[in-house]
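J.: The whole structure should be built from the sequences, with the hints applied where relevant.
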Amino acid sequence: MKNIKFLFPLIAAIFLSLNIYAQHPSHHEMKGSKIEEFKADLNLTAEQESAIQKIKEKYKKERQALKGEETTDRFEMRKKMHETMRAQGDEIKNILTAEQQKILEQKIAEKQKKHFEKRQANKGKRKAMHEDFKKYRSENMLPVLLKQRAKLEEKISAEDKAKINELRPVFKNMHENRIKAQQERAGATEPLNKEEREALHEEHMKKMEQLKPQLDALHQLTEKYNDDIDALLAEIETERKTWREDMRKMHEENMGDIKKERRMKKGHRPKMDGRHMKGKEMRKGHFLLLDPNGTAAAPIIKNNIKSISVSPNPSAGANILKYELAEKGNVRIELRNERGTVLDVLFKGEKEAGQNTLEVDLSDRKNGVYYISIINGKNVVSEKFIIAK
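Following my numbering, the numbering of the sequence shown begins with -16 at its first residue and continues without gaps.
Bear in mind the hints are in silico, worked out from the structure with no lab data behind them. Where a beta carbon is used, it is the ideal one built from N, C-alpha and C, also for glycine. Accuracy of the hints is not assured; some may be wrong.
Have a look at the derived ranges for each label pair, beta carbon to beta carbon [to be verified]:
hint, residue 1, residue 2, range
1, D327, E181, 49 to 57 angstroms
2, K349, K97, 46 to 54 angstroms
3, N296, K118, 26 to 34 angstroms
4, K130, M188, 31 to 39 angstroms
Subject to a maximum C-alpha distance of 16 angstroms in a straight line, what follows is the list of computed EDC-like cross-link-like pairs (lysine to aspartate or glutamate) [said to hold, decoys possible]:
hint, residue 1, residue 2
5, K367, E218
6, K62, D199
7, K367, E321
8, K305, D344
9, K289, E122
10, K331, E342
11, K96, E173
12, K39, E74
13, K130, E222
14, K97, E220
15, K41, E66
16, K96, E179
17, K22, E32
18, K207, E137
19, K311, E335
20, K367, E220
21, K207, E159
22, K110, E236
23, K134, D211
24, K90, E20
25, K372, D347
26, K134, D213
27, K90, E19
28, K43, E74
29, K43, D24
30, K37, E59
31, K207, E100
32, K90, D24
33, K289, E335
34, K134, E218
35, K62, E45
36, K190, E159
T.: Right, dumping it as structure tokens:
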């Protein structure tokens, strides 16, 4: 049996490889997007503001035109997108005076340093959060995804299975190299300067160009099995929404409110303008590379929550929840709809080890599919049931 401990890091590696600008935006891209933010500091004239706006509109149209092109060379498309951002930055630079350019460079450097210092201060929290994510993915997400991926395996041709087997170690190696690079930068005491950022970006682009055949192969396979993957992911849409909600809560516990951060940063980042593969396509590629023959193909019992059941099922609204805890601990019991949205908290408190029972009156709920989720620490177990009056 193949070891699957690299599966989720592998998925993360693919995600980062396809989002080639996500971690290190180019200096030109940042300059174009920071003009509005630092407008007051630059004291732009009306003529300058008008000229800059025309430049931004011009290159926005170019990126939209590129996005609409029919092409299978996705790497070349990303390069062209980056070139438009570089050209936009150069034209904007020519609009500014030497003094304004100096002020802009200084403001960008100050903001990057502030962001770097914040990340350094939160390094411990971020590490703890990623450990929580890793554990949650392994215990809650991976068994379900592997089960769905096993269904797809029956439809994949022998030739395509061989191609997928060839791709897995490539992306595993990509992940290992990324981790090594991160470790080398972990001891940095200052943010990267302009030259270092551009050098790092160029190095990354070269590596991605070397991987272009593998990235294209993954894209082609994903397109070939697109309908099958869509159907399999649709079957677990409720679970996926639950995962997103649970991981959002974990982020808030460690790092704060995601939505609040996004509101604070709203308008500070340029829109993607189609530079990357669409999110849905990336997720399908991740799914395709999962190994259904991995050692975690069987369901995993989640730590302290040994079992859960809801009866009768279906019911007219009067239900009995039974669950077993390996050890005494605090639990939170939630009622969720079929989309994974929390409707009510049925219980919150400490429970003894062993069998526990909770009578639930849901007679006021409409007919439909529901879930009862038990949360114990970082572990979440859900049971599906139906109300049919």
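J.: Hint by hint, where does the structure go against what was stated? Just the numbers, ascending.
T.: 14, 21, 29, 30, 31
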